[in-house]
Amino acid sequence: MSRLQIELPGLTLKNPIMPASGCFGFGKEYAKFYDLSLLGAIMIKATTLEPRFGNPTPRVAETTSGMLNAIGLQNPGLEKVMSEELPWLEQYDVPIIANVAGSQVEDYVEVAKQISKAPNVKALELNISCPNVKTGGIAFGTIPEVAAELTKQVKNVSEVPVYVKLSPNVSNIVSMAKAVEEAGADGLTMINTLIGMRINLKTGEPILSNKTGGLSGPAIKPVAIRMIYEVSQAVSIPIIGMGGVQSAEDVIEYFYAGASAVAVGTANFVDPFVCPSIIDELPNLLDELKIDHISECIGRSWGKRAKTINYSS
Amino acid sequence: MSRLQIELPGLTLKNPIMPASGCFGFGKEYAKFYDLSLLGAIMIKATTLEPRFGNPTPRVAETTSGMLNAIGLQNPGLEKVMSEELPWLEQYDVPIIANVAGSQVEDYVEVAKQISKAPNVKALELNISCPNVKTGGIAFGTIPEVAAELTKQVKNVSEVPVYVKLSPNVSNIVSMAKAVEEAGADGLTMINTLIGMRINLKTGEPILSNKTGGLSGPAIKPVAIRMIYEVSQAVSIPIIGMGGVQSAEDVIEYFYAGASAVAVGTANFVDPFVCPSIIDELPNLLDELKIDHISECIGRSWGKRAKTINYSS
Amino acid sequence: MIKKELMSVVSQKQIAENIFEITLEGSLVSEMNEPGQFVHVKVTGGTEPLLRRPISIANIDQAKNQFTMIYRKEGLGTRVLSEKVSGELVDVLGPLGNGFPVEATAKGETALLVGGGIGVPPLYELAQRLVSRGVNVVSVLGFQTKSAVFYEEKFSLLGETFIATVDGSYGTKGFVTDVIDQNGILFDSLYSCGPTMMLKAIEQRYSQKRAFISLEERMGCGVGACFACVCHLQNDPTGFTYKKVCSDGPVFKVGEVVL
Amino acid sequence: MIKKELMSVVSQKQIAENIFEITLEGSLVSEMNEPGQFVHVKVTGGTEPLLRRPISIANIDQAKNQFTMIYRKEGLGTRVLSEKVSGELVDVLGPLGNGFPVEATAKGETALLVGGGIGVPPLYELAQRLVSRGVNVVSVLGFQTKSAVFYEEKFSLLGETFIATVDGSYGTKGFVTDVIDQNGILFDSLYSCGPTMMLKAIEQRYSQKRAFISLEERMGCGVGACFACVCHLQNDPTGFTYKKVCSDGPVFKVGEVVL
Ligand SMILES: Cc1cc2nc3c(=O)[nH]c(=O)nc-3n(C[C@H](O)[C@H](O)[C@H](O)COP(=O)(O)OP(=O)(O)OC[C@H]3O[C@@H](n4cnc5c(N)ncnc54)[C@H](O)[C@@H]3O)c2cc1C
Ligand SMILES: Cc1cc2nc3c(=O)[nH]c(=O)nc-3n(C[C@H](O)[C@H](O)[C@H](O)COP(=O)(O)OP(=O)(O)OC[C@H]3O[C@@H](n4cnc5c(N)ncnc54)[C@H](O)[C@@H]3O)c2cc1C
Ligand SMILES: Cc1cc2nc3c(=O)[nH]c(=O)nc-3n(C[C@H](O)[C@H](O)[C@H](O)COP(=O)(O)O)c2cc1C
Ligand SMILES: Cc1cc2nc3c(=O)[nH]c(=O)nc-3n(C[C@H](O)[C@H](O)[C@H](O)COP(=O)(O)O)c2cc1C
Ligand code: FES
Ligand code: FES
Numbered sequence: 001m002s003r004l005q006i007e008l009p010g011l012t013l014k015n016p017i018m019p020a021s022g023c024f025g026f027g028k029e030y031a032k033f034y035d036l037s038l039l040g041a042i043m044i045k046a047t048t049l050e051p052r053f054g055n056p057t058p059r060v061a062e063t064t065s066g067m068l069n070a071i072g073l074q075n076p077g078l079e080k081v082m083s084e085e086l087p088w089l090e091q092y093d094v095p096i097i098a099n100v101a102g103s104q105v106e107d108y109v110e111v112a113k114q115i116s117k118a119p120n121v122k123a124l125e126l127n128i129s130c131p132n133v134k135t136g137g138i139a140f141g142t143i144p145e146v147a148a149e150l151t152k153q154v155k156n157v158s159e160v161p162v163y164v165k166l167s168p169n170v171s172n173i174v175s176m177a178k179a180v181e182e183a184g185a186d187g188l189t190m191i192n193t194l195i196g197m198r199i200n201l202k203t204g205e206p207i208l209s210n211k212t213g214g215l216s217g218p219a220i221k222p223v224a225i226r227m228i229y230e231v232s233q234a235v236s237i238p239i240i241g242m243g244g245v246q247s248a249e250d251v252i253e254y255f256y257a258g259a260s261a262v263a264v265g266t267a268n269f270v271d272p273f274v275c276p277s278i279i280d281e282l283p284n285l286l287d288e289l290k291i292d293h294i295s296e297c298i299g300r301s302w303g304k305r306a307k308t309i310n311y312s313s
Numbered sequence: 001m002s003r004l005q006i007e008l009p010g011l012t013l014k015n016p017i018m019p020a021s022g023c024f025g026f027g028k029e030y031a032k033f034y035d036l037s038l039l040g041a042i043m044i045k046a047t048t049l050e051p052r053f054g055n056p057t058p059r060v061a062e063t064t065s066g067m068l069n070a071i072g073l074q075n076p077g078l079e080k081v082m083s084e085e086l087p088w089l090e091q092y093d094v095p096i097i098a099n100v101a102g103s104q105v106e107d108y109v110e111v112a113k114q115i116s117k118a119p120n121v122k123a124l125e126l127n128i129s130c131p132n133v134k135t136g137g138i139a140f141g142t143i144p145e146v147a148a149e150l151t152k153q154v155k156n157v158s159e160v161p162v163y164v165k166l167s168p169n170v171s172n173i174v175s176m177a178k179a180v181e182e183a184g185a186d187g188l189t190m191i192n193t194l195i196g197m198r199i200n201l202k203t204g205e206p207i208l209s210n211k212t213g214g215l216s217g218p219a220i221k222p223v224a225i226r227m228i229y230e231v232s233q234a235v236s237i238p239i240i241g242m243g244g245v246q247s248a249e250d251v252i253e254y255f256y257a258g259a260s261a262v263a264v265g266t267a268n269f270v271d272p273f274v275c276p277s278i279i280d281e282l283p284n285l286l287d288e289l290k291i292d293h294i295s296e297c298i299g300r301s302w303g304k305r306a307k308t309i310n311y312s313s
Numbered sequence: 001m002i003k004k005e006l007m008s009v010v011s012q013k014q015i016a017e018n019i020f021e022i023t024l025e026g027s028l029v030s031e032m033n034e035p036g037q038f039v040h041v042k043v044t045g046g047t048e049p050l051l052r053r054p055i056s057i058a059n060i061d062q063a064k065n066q067f068t069m070i071y072r073k074e075g076l077g078t079r080v081l082s083e084k085v086s087g088e089l090v091d092v093l094g095p096l097g098n099g100f101p102v103e104a105t106a107k108g109e110t111a112l113l114v115g116g117g118i119g120v121p122p123l124y125e126l127a128q129r130l131v132s133r134g135v136n137v138v139s140v141l142g143f144q145t146k147s148a149v150f151y152e153e154k155f156s157l158l159g160e161t162f163i164a165t166v167d168g169s170y171g172t173k174g175f176v177t178d179v180i181d182q183n184g185i186l187f188d189s190l191y192s193c194g195p196t197m198m199l200k201a202i203e204q205r206y207s208q209k210r211a212f213i214s215l216e217e218r219m220g221c222g223v224g225a226c227f228a229c230v231c232h233l234q235n236d237p238t239g240f241t242y243k244k245v246c247s248d249g250p251v252f253k254v255g256e257v258v259l
Numbered sequence: 001m002i003k004k005e006l007m008s009v010v011s012q013k014q015i016a017e018n019i020f021e022i023t024l025e026g027s028l029v030s031e032m033n034e035p036g037q038f039v040h041v042k043v044t045g046g047t048e049p050l051l052r053r054p055i056s057i058a059n060i061d062q063a064k065n066q067f068t069m070i071y072r073k074e075g076l077g078t079r080v081l082s083e084k085v086s087g088e089l090v091d092v093l094g095p096l097g098n099g100f101p102v103e104a105t106a107k108g109e110t111a112l113l114v115g116g117g118i119g120v121p122p123l124y125e126l127a128q129r130l131v132s133r134g135v136n137v138v139s140v141l142g143f144q145t146k147s148a149v150f151y152e153e154k155f156s157l158l159g160e161t162f163i164a165t166v167d168g169s170y171g172t173k174g175f176v177t178d179v180i181d182q183n184g185i186l187f188d189s190l191y192s193c194g195p196t197m198m199l200k201a202i203e204q205r206y207s208q209k210r211a212f213i214s215l216e217e218r219m220g221c222g223v224g225a226c227f228a229c230v231c232h233l234q235n236d237p238t239g240f241t242y243k244k245v246c247s248d249g250p251v252f253k254v255g256e257v258v259l
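Protein chains in written order, with the UniProt record's numbering: chain Y, 1 to 313; chain P, 1 to 313; chain H, 1 to 259; chain V, 1 to 259.
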């Protein structure tokens, strides 16, 4: 299995496959399908300081080869995540990446400070890009200076490496990436969802009660690949890629673009076994492509495949 | 057929369906399939001052429910478009919307000035959003002030109404729309393609020789619908919507979002008869939805359906 | 246990206007043990449509390893499903959720089953189980119009059955509640599945009774992970307690959740 | 005239490793009149895959209103196509492009047909037409390996036929050009279709001969509207003259366009 092993700041990944935040809850549901220790890591659902109910339903709508969601960061709040969800996950041999969200800087800082102390939380994922909450999110995710300041403050308090999750809904993803890198981010995760909408033909109203929602699934993969291709050439911190991943082939495409690990979101809903299936399939695909170690694939599309080796030190 | 008629600045459309720029050449190829006079209008291929060959091939790649293109504005240049393409189109009873592109303000101005004099050109579509050319395009399409200035200068010289084609690759589409509205744009067309990329699994290289390309097709429809929903509420000029339209149902969804007409791009490649088919199907769908005139659908998702009536004056 | 299986189509037929009955076979059937549970169906191998579709289990035949769904052809997913013929495979995830509590009604008591449109199917397996328990079953089934009516005979074999149509083209004109009133139907427990409007009417009248309702909500995962299908609890001082329709429901006690 | 038609599958079979031969029937066949033309095929009604796939016409049977394509199962589109069985419908747009000029070779002359892999199919209809014109046909067909070889017998019936495989597992080891050299094949005109590398070799050797080559390029529309498939002209002082493979080609005179 070591040909799939990847070392990233804070994370020793048995393999580079992990469920994406918000698409896997806190693991309990999918633990009924397979042993979570098979996974490279788990990105748990966004955690906020206080419990949140999120948006009214309908919260999901289907689009062509994609889906919209406007869950609205529903979660049981920091306290319960710390006292119930994370301890439950300790039974598995898998690093947890805690997705941190909030409405203001202080919220993020407080959640980061505390959740980074949990023994199985090996990294944070700063969610500055949720399209489905009215306050806060937007500026954090679209203005480089604001994102950088938040990153800095969170880095100050976090006891584990901090990955910043970038929004694709920006004119210039590279400047966002560089700003958070300079502010001390240890890695990037990208992309969050594109903002989209669907309208019910019979009623004339948006299908989602939140009206707009985040577009995920195979439809957005080319946008994610392009952004990772651009960003990976401009920064020297590693990228966990996501957006429409469904297969081992997709994973390699992400690596070629410049990702060092890959998260799987929507595809879990389509096939609850998708993560272990991909992990199973990867060695065969590497054989077929005549690649020894998956890390050799990183950034191959722009030619710097040696680059990754640095991460594993 | 009058229940499909739409009046927009400069344009009396028998029906609100028109092929999108770059997806229909200058009409000759599709004239072999049906009578072009059936169309509401035709958006011809981008015209630049000088002839352009465009990018090296491969120029297209398929994605899940979408495609990437990096044609690079290949066109025979203003002179030939004026002397050959537009006169040929005069045999049809259909208004032409001329897509104007360039690398610098002067190019746009010169093309606009001359092409707006062609008798069958009833409106211009300012292409400030082509993702596939290295110079010029980006700033025009992503910085409100730059877009506004260009719009103003083109308005100064154009003899027909000017529609500005917006790029979806921006943080804030509403501010772009408002900027060009204030600068005098008579209408908006949106959206151009999202920037995307695909990588060849065997070679590790981007499939397109231009590396990145513009993502079009059904995959992007939810993004277009969302942007039109937002922009149509913020401006009072009409919008010609596009992105993944394939059916009469899609057209109504665009109208509900806030569009006053709809362009069909990629779908022409899939089905050369798609435009006349949609035009045929629309009255049946209106019957089913119990709608008398298609203009009643405009903006229904946000509740201002009376608004459009203004355009027809 | 929830399983994922490629099940084979045993038969499919149209039984009313746009209403299809499909029977599938596979080992997953052995996991089905409650009426009112549902399955999450992927109708193609590809991405169009992308998501699974939740459909109730209408009949379980453990001996044959077969179960039946009844569904309305609506959009893309159910259209593609309706084109499947015997021998083809369908990707099924299930059984999901918690069904109707059969044991809530004692032998000799009367259970009223109230179904509306495509809410009728799960009541059929329920009716059979109640009857074999010795419960007296009365069914009131509401449809839009005559051409949409299905399974009247099958329910009639299990107990007294009333039909209502909104347009009066068949049975009693009006809603299921009109039928209950006009016939003065008495019952010990009530089980219902159908449109939210109908469930609201039931809740309003029978909030003090032993009543169970099955909810519908747009779903992502179907297994409790994505929080697409939550509903509020009726007694919720904090404002953020919730139930998930897919994994806590789809059946709830009347009065438990906000409709 | 170019038509779009839902054509029915008459037969489909695998004829070599991953190589399929499919025969379709419909009135569109009556429009087919040149070997080397192609059709643009939509393999599903939905959006996955979205685009049509260009496939050459390998055989035309006007009497039966049938034509045959031979294709390699590569990605999603050809995989879905390979699963079609008799009686199913396939959406075909065609015939497209300009084929090989049969009339360029006079009766009694010798035509050399050089095909590589899935470039071989269009040469089959060409060979038949040349033979019925009284042309002496010699075919040199190159494949990767023995298991990929197809149609050797069929070509043999029409004239002398040589096979080359890259790995030497069948026929001559090496490339088609090796076969031509080793056998000292002489010809009056040459027709070729195959990988660009092969066409480049042909061009280099025979730029002064009467030679025609068929090109491949990624396509959008297939009808000349989208400019996806352009190539440069070899003599192009301005730099922006071009030909479209779909509507000006796919067959060009050797030396006409830049490979
Ligand atoms: C627990 C449960 C049990 C159900 N049982 C049945 C049944 O036995 N028979 C039956 O005919 N229908 C049933 N439904 C409704 C059924 O799920 C929808 O009719 C179906 O999903 C529509 O899919 P489509 O592809 O035809 O429509 P589309 O409009 O193409 O669907 C688009 C998206 O919206 C979702 N959606 C659309 N309508 C509904 C709906 N009413 N409820 C939930 N999601 C919806 C789809 O699942 C899909 O994700 C049930 C729904 C739920 C939640
Ligand atoms: C004029 C012409 C004639 C052809 N004739 C034949 C034939 O007779 N037999 C045969 O086996 N193949 C032929 N091809 C190649 C055939 O079009 C591709 O193999 C096929 O499109 C691959 O589709 P896919 O879905 O299997 O692969 P995918 O990789 O899923 O295709 C993705 C996209 O890339 C395009 N693409 C991939 N490979 C090629 C290619 N080599 N050429 C053009 N587009 C490509 C597809 O059309 C599609 O748009 C021909 C190509 C052209 C241009
Ligand atoms: C239902 C749903 C809920 C999500 N919730 C979160 C979340 O809480 N935090 C977050 O950072 N991203 C969230 N996302 C975004 C995903 O983590 C991921 O970035 C995105 O869906 C793209 O990946 P995919 O196409 O594989 O789904 C959510 C996505 C979905 C579909
Ligand atoms: C092959 C191709 C070429 C295009 N060329 C142009 C162009 O020259 N000018 C322009 O404004 N838009 C161009 N576009 C964008 C389309 O006009 C349209 O905005 C976009 O494709 C979204 O619509 P669709 O999803 O229906 O294709 C092109 C799109 C495609 C696919
Ligand atoms: S559908 Fe995902 S939680 Fe219920
Ligand atoms: S494929 Fe569109 S011009 Fe050739």
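These are calculated hints, taken from the structure and not from any lab test.
Possibly wrong hints are sitting among the right ones.
Unchecked claim - FRET-style restraints, in silico, Cβ to Cβ:
(1) Y/S37 / P/E182: 55 to 61 Å
(2) P/S175 / V/M1: 47 to 53 Å
(3) Y/Y34 / P/E182: 36 to 42 Å
(4) Y/S37 / P/K202: 48 to 54 Å
(5) H/S86 / P/V174: 52 to 58 Å
(6) P/K202 / Y/K152: 40 to 46 Å
(7) H/K253 / Y/S2: 51 to 57 Å
(8) V/E88 / Y/D93: 48 to 54 Å
(9) H/I15 / Y/T203: 27 to 33 Å
(10) Y/S2 / H/M197: 55 to 61 Å
(11) V/Y170 / H/S86: 42 to 48 Å
Stated by the list, open to error - Some chain V residues well away from chain H (every beta-carbon gap over 10 Å; in silico):
(12) I2
(13) L6
(14) E31
(15) T47
(16) E103
(17) Y170
(18) V179
(19) I185
Bear in mind the structure is a predicted one, so any value in this text is a computation, not a measurement.
From the three backbone atoms N, C-alpha and C, an ideal C-beta is built for every residue, glycine too.
Each hint, compared with the structure:
1. Y/S37 / P/E182: 55 to 61 Å: Holds, at about 58 Å.
2. P/S175 / V/M1: 47 to 53 Å: holds (49 Å)
3. Y/Y34 / P/E182: 36 to 42 Å: 57 Å Cβ-Cβ, so the 36 to 42 Å window is violated.
4. Y/S37 / P/K202: 48 to 54 Å: For Y/S37 and P/K202 the Cβ distance comes to about 33 Å; the hint is violated.
5. H/S86 / P/V174: 52 to 58 Å: holds (54 Å)
6. P/K202 / Y/K152: 40 to 46 Å: holds (43 Å)
7. H/K253 / Y/S2: 51 to 57 Å: Since the Cβ atoms of H/K253 and Y/S2 sit about 53 Å apart, the hinted range of 51 to 57 Å holds.
8. V/E88 / Y/D93: 48 to 54 Å: 49 Å Cβ-Cβ, so the 48 to 54 Å window holds.
9. H/I15 / Y/T203: 27 to 33 Å: holds (28 Å)
10. Y/S2 / H/M197: 55 to 61 Å: holds (59 Å)
11. V/Y170 / H/S86: 42 to 48 Å: For H/S86 against V/Y170, whose Cβ atoms are near 43 Å apart, the range 42 to 48 Å holds.
12. I2: holds (27 Å)
13. L6: At roughly 16 Å from the nearest Cβ of chain H, V/L6 sits farther out than 10 Å, so the non-interface label holds.
14. E31: Given that every Cβ of chain H is farther than 10 Å from that of V/E31, nearest at about 31 Å, it holds.
15. T47: violated (5 Å)
16. E103: Its Cβ never comes within 10 Å of chain H, the nearest being 45 Å, so this holds.
17. Y170: Fine: 35 Å to the nearest Cβ keeps V/Y170 off the interface.
18. V179: At roughly 42 Å from the nearest Cβ of chain H, V/V179 sits farther out than 10 Å, so the non-interface label holds.
19. I185: The claim stands: V/I185 keeps its Cβ more than 10 Å from every Cβ of chain H (closest is about 47 Å).
Comparing the model with each earlier hint shows violations of hints 3, 4, 15; every other hint is respected.
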